[in-house]
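Number of protein chains: 2
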Amino acid sequence: MSHTVEILSVGTELLLGNIVNTDAQMLSQGLSALGLNVYYHTVVGDNPQRVRRAVDIARQRADIIITTGGLGPTCDDLTKNVLAQAFGKKLIYDEESARRIRSHFVRTGRPVTENIFQQAMLPEGCTIFSNDWGTAPGCAFQAEGVHVIMLPGPPSECGPMFQYRAAPYLRQLSEGVILSHTIKLFGIGEATVEARLREQMNAMTNPTLAPYAKEGECELRVTAKAAAPEEAQALLRPTVDQLKALFGSKVYGVDVPSIEAVVEDLLRQRGMTLGTAESCTGGLMAKRLTDVPGASQVFKGGVVSYTNEVKHGVLGVSQELLDRFGAVSAPVAQAMAQGARRVLGCDIALSSTGVAGPDRDDRGNEVGTMFVAIATADGTHVKQLHLGARPVRARLRTQTATHAFDLARRYLSGLPYEETV
Amino acid sequence: MSHTVEILSVGTELLLGNIVNTDAQMLSQGLSALGLNVYYHTVVGDNPQRVRRAVDIARQRADIIITTGGLGPTCDDLTKNVLAQAFGKKLIYDEESARRIRSHFVRTGRPVTENIFQQAMLPEGCTIFSNDWGTAPGCAFQAEGVHVIMLPGPPSECGPMFQYRAAPYLRQLSEGVILSHTIKLFGIGEATVEARLREQMNAMTNPTLAPYAKEGECELRVTAKAAAPEEAQALLRPTVDQLKALFGSKVYGVDVPSIEAVVEDLLRQRGMTLGTAESCTGGLMAKRLTDVPGASQVFKGGVVSYTNEVKHGVLGVSQELLDRFGAVSAPVAQAMAQGARRVLGCDIALSSTGVAGPDRDDRGNEVGTMFVAIATADGTHVKQLHLGARPVRARLRTQTATHAFDLARRYLSGLPYEETV
Numbered sequence: 001m002s003h004t005v006e007i008l009s010v011g012t013e014l015l016l017g018n019i020v021n022t023d024a025q026m027l028s029q030g031l032s033a034l035g036l037n038v039y040y041h042t043v044v045g046d047n048p049q050r051v052r053r054a055v056d057i058a059r060q061r062a063d064i065i066i067t068t069g070g071l072g073p074t075c076d077d078l079t080k081n082v083l084a085q086a087f088g089k090k091l092i093y094d095e096e097s098a099r100r101i102r103s104h105f106v107r108t109g110r111p112v113t114e115n116i117f118q119q120a121m122l123p124e125g126c127t128i129f130s131n132d133w134g135t136a137p138g139c140a141f142q143a144e145g146v147h148v149i150m151l152p153g154p155p156s157e158c159g160p161m162f163q164y165r166a167a168p169y170l171r172q173l174s175e176g177v178i179l180s181h182t183i184k185l186f187g188i189g190e191a192t193v194e195a196r197l198r199e200q201m202n203a204m205t206n207p208t209l210a211p212y213a214k215e216g217e218c219e220l221r222v223t224a225k226a227a228a229p230e231e232a233q234a235l236l237r238p239t240v241d242q243l244k245a246l247f248g249s250k251v252y253g254v255d256v257p258s259i260e261a262v263v264e265d266l267l268r269q270r271g272m273t274l275g276t277a278e279s280c281t282g283g284l285m286a287k288r289l290t291d292v293p294g295a296s297q298v299f300k301g302g303v304v305s306y307t308n309e310v311k312h313g314v315l316g317v318s319q320e321l322l323d324r325f326g327a328v329s330a331p332v333a334q335a336m337a338q339g340a341r342r343v344l345g346c347d348i349a350l351s352s353t354g355v356a357g358p359d360r361d362d363r364g365n366e367v368g369t370m371f372v373a374i375a376t377a378d379g380t381h382v383k384q385l386h387l388g389a390r391p392v393r394a395r396l397r398t399q400t401a402t403h404a405f406d407l408a409r410r411y412l413s414g415l416p417y418e419e420t421v
Numbered sequence: 001m002s003h004t005v006e007i008l009s010v011g012t013e014l015l016l017g018n019i020v021n022t023d024a025q026m027l028s029q030g031l032s033a034l035g036l037n038v039y040y041h042t043v044v045g046d047n048p049q050r051v052r053r054a055v056d057i058a059r060q061r062a063d064i065i066i067t068t069g070g071l072g073p074t075c076d077d078l079t080k081n082v083l084a085q086a087f088g089k090k091l092i093y094d095e096e097s098a099r100r101i102r103s104h105f106v107r108t109g110r111p112v113t114e115n116i117f118q119q120a121m122l123p124e125g126c127t128i129f130s131n132d133w134g135t136a137p138g139c140a141f142q143a144e145g146v147h148v149i150m151l152p153g154p155p156s157e158c159g160p161m162f163q164y165r166a167a168p169y170l171r172q173l174s175e176g177v178i179l180s181h182t183i184k185l186f187g188i189g190e191a192t193v194e195a196r197l198r199e200q201m202n203a204m205t206n207p208t209l210a211p212y213a214k215e216g217e218c219e220l221r222v223t224a225k226a227a228a229p230e231e232a233q234a235l236l237r238p239t240v241d242q243l244k245a246l247f248g249s250k251v252y253g254v255d256v257p258s259i260e261a262v263v264e265d266l267l268r269q270r271g272m273t274l275g276t277a278e279s280c281t282g283g284l285m286a287k288r289l290t291d292v293p294g295a296s297q298v299f300k301g302g303v304v305s306y307t308n309e310v311k312h313g314v315l316g317v318s319q320e321l322l323d324r325f326g327a328v329s330a331p332v333a334q335a336m337a338q339g340a341r342r343v344l345g346c347d348i349a350l351s352s353t354g355v356a357g358p359d360r361d362d363r364g365n366e367v368g369t370m371f372v373a374i375a376t377a378d379g380t381h382v383k384q385l386h387l388g389a390r391p392v393r394a395r396l397r398t399q400t401a402t403h404a405f406d407l408a409r410r411y412l413s414g415l416p417y418e419e420t421v
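Residue numbers (the UniProt record's numbering), protein chains in the order written: chain R, 1 to 421; chain E, 1 to 421.
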């Protein structure tokens with residue numbers, strides 16, 4: 001029988017928005033890798049009645065409840081009490097846990113106060129998950145047809161406690177694995193992708209196929225469930241191949257972190273270097289390229305020419321071009337890329353110039369009017385973008401940078417710069 | 001009567017852990033600022049039956065339900081259908097929304113496919129939230145004693161749609177006002193702040209005081225509830241003044257968006273310009289400075305000198321310095337700042353060089369060893385940072401950039417560059 005999991009996160013700080021629920025994400029990833037279906041996340045505050053109500057709902061719709069938070073010594077930590085009560089378990093003082101807690105406090109030079117030993121009270125007959133990454137132990141027990149697993153809230157404890165304590169416990173319960181591949185596309189909208197795949201998606205059961213929109217990019221996730229990894233992979237392969245063939249060069253990678261990472265891999269393969277000249281993206285291209293560790297092998301550097309003065313003085317864009325066409329123009333974008341290639345001494349240079357808003361520029365170019373260019377040993381190519389009328393500044397900049405990266409990807413892969421859908 | 005809110009996030013990608021639920025955090029912050037109590041977050045997948053069950057539970061325990069996700073054109077977008085059904089509303093085709101959706105697709109040069117108009121189907125008699133940040137409109141309606149508000153899932157749309165559409169709608173529902181001021185500090189740890197204020201915080205009821213740690217910065221939020229804004233302000237003022245006095249020059253602003261925005265305001269006031277020379281931060285400083293609209297008045301540009309070649313060739317750092325001290329050194333940081341000031345023709349230049357990891361550099365400098373420098377008409381100052389043993393690359397870069405901005409803030413405010421806590 002297949003299990004269904006509910007993640008119950010306890011903590012008023014989550015409901016106030018003081019922290020984001022990264023535990024739930026981490027657990028969800030780990031659980032789906034174990035082949036366990038997560039149907040609900042619930043977040044509830046440090047309130048015994050409401051936690052109890054949430055537990056009573058969870059036990060109706062899941063047979064595995066994983067709680068995070070509320071195991072520590074402070075007075076609003078109540079998860080263990082409520083869960084033990086809900087499943088008719090007594091809390092029993094565990095000597096071994098008490099000993100570990102004491103030594104942890106002594107080791108970290110913190111005062112050993114009475115209340116810390118509250119953390120050594122654990123449900124009778126539970127499996128104790130000793131906590132080597134903090135003080136509060138976790139635990140697991142089965143009662144009334146439900147497996148209850150309690151983990152500490154701090155992500156630095158919850159992560160390893162799941163990986164090294166809860167996951168081994170859960171592995172015995174789960175049959176099969178869930179594996180997925182993510183096909184990353186650029187230059188095609190989610191709606192278009194979905195329109196093309198709707199019938200196929202509806203027809204598919206294993207593997208399943210789902211599209212996601214991401215900052216102007218589109219992802220297709222193919223997910224298969226099987227008894228063993230090899231089986232799952234065998235189920236995934238045909239669909240992945242079919243989708244790669246269907247979307248052709250719009251696919252920039254499968255299971256890759258980002259388009260900039262793909263560009264850097266291509267640069268490494270070709271033994272080439274990259275540089276940037278940024279106006280509207282204001283350093284975002286360089287920032288994204290250097291987010292990837294080891295970028296220095298292929299990324300030489302960049303110039304953020306936010307003013308015409310710098311475009312002219314550092315990149316050598318002629319004043320005549322700037323006066324005649326304005327900073328937001330194809331000729332200037334090209335001259336910026338050529339200048340960066342020369343000044344930075346790189347094989348490929350990317351440039352961006354445009355109106356990121358909030359207002360039109362002095363020449364009346366609309367917000368969202370962008371030019372990206374690439375300069376290589378084979379010449380220069382420029383592309384004009386219209387990224388919408390009332391856009392979000394941050395998204396405009398992100399999409400413009402991605403368009404520039406796509407030019408580099410296409411050049412390095414020997415693909416045409418432009419193509420029609 | 002005081003309202004209780006439940007946030008219902010719809011999306012299988014959340015249950016698979018593909019994304020973290022930042023929408024719920026953003027909404028929770030905004031709702032508590034409106035004086036609305038959030039008691040539960042629920043996350044459910046793209047499954048009509050389970051969404052319906054989640055809605056039926058939410059309506060029992062909340063009188064405001066805010067959904068995120070499931071408004072887009074793809075077949076697994078189902079929130080509107082389920083919510084309309086649950087509250088006995090028909091979905092009606094809205095011409096105006098359809099027009100806006102069409103023009104958005106045309107403007108952004110994407111094909112207008114049939115399925116995109118599914119987004120123009122809206123519950124009868126609802127308040128339509130037009131979406132200026134994407135395509136899917138949101139909406140709000142009241143039925144059977146419950147307010148239902150539906151917002152799109154992508155954070156870049158959900159954020160502004162809440163701020164500019166949902167928040168004004170909700171303001172009418174909340175009685176009294178909750179106002180807060182946020183005091184932003186840099187150069188002091190949250191633990192230190194909390195230790196100093198613990199007793200005071202516990203003693204306070206209205207206003208309340210809460211510290212938040214943010215990427216190496218620290219925020220103190222003072223929040224007051226009152227019948228009218230003036231009353232709330234009167235409650236807040238004394239605490240804000242006291243805290244500003246207590247933390248002195250470690251306070252870089254109150255209710256300011258960021259330290260870079262503060263630096264740019266100071267530059268405007270002084271009629272001065274800024275430039276950057278970045279190695280380890282790789283464009284992040286320039287990116288953050290240009291995140292602020294209108295930066296071009298005070299930010300001239302920057303050089304991302306990720307390789308020694310560019311440090312020497314573009315910034316004019318002497319080869320002798322680079323050979324003798326290495327790229328990660330105080331003299332090179334200073335020479336980078338001086339070079340940027342000269343090359344970019346700006347009044348103040350900031351530089352960064354260091355080891356962002358994952359590995360030590362070739363001279364054995366540990367990950368987290370950073371230098372930031374500032375060059376002005378009055379000379380140069382360099383600061384060495386040790387940002388910890390087990391650091392995260394992204395956080396190292398963010399903190400290094402913030403340290404550099406703090407040097408500029410201190411120079412422009414006539415404060416000493418360094419001081420002891």
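Just so you know, the hints here were simulated from the structure itself, not pulled from any lab data.
Misleading hints may appear alongside valid ones.
[To be verified] No farther apart than 35 Å at their CA atoms in a straight line, the calculated lysine-lysine pairs in the DSBU-like style are these:
(1) E:Lys-244 with R:Lys-214
(2) E:Lys-184 with E:Lys-214
(3) E:Lys-184 with E:Lys-89
(4) R:Lys-214 with R:Lys-250
(5) R:Lys-214 with R:Lys-244
(6) E:Lys-383 with R:Lys-214
(7) E:Lys-244 with E:Lys-214
(8) E:Lys-184 with R:Lys-214
(9) E:Lys-89 with E:Lys-214
(10) R:Lys-214 with E:Lys-90
(11) E:Lys-89 with E:Lys-250
(12) E:Lys-90 with E:Lys-214
query: Hint by hint, which ones does the structure fall short of?
result: The structure breaks hints 1, 3, 6, 9, 11, 12; every other hint is satisfied.
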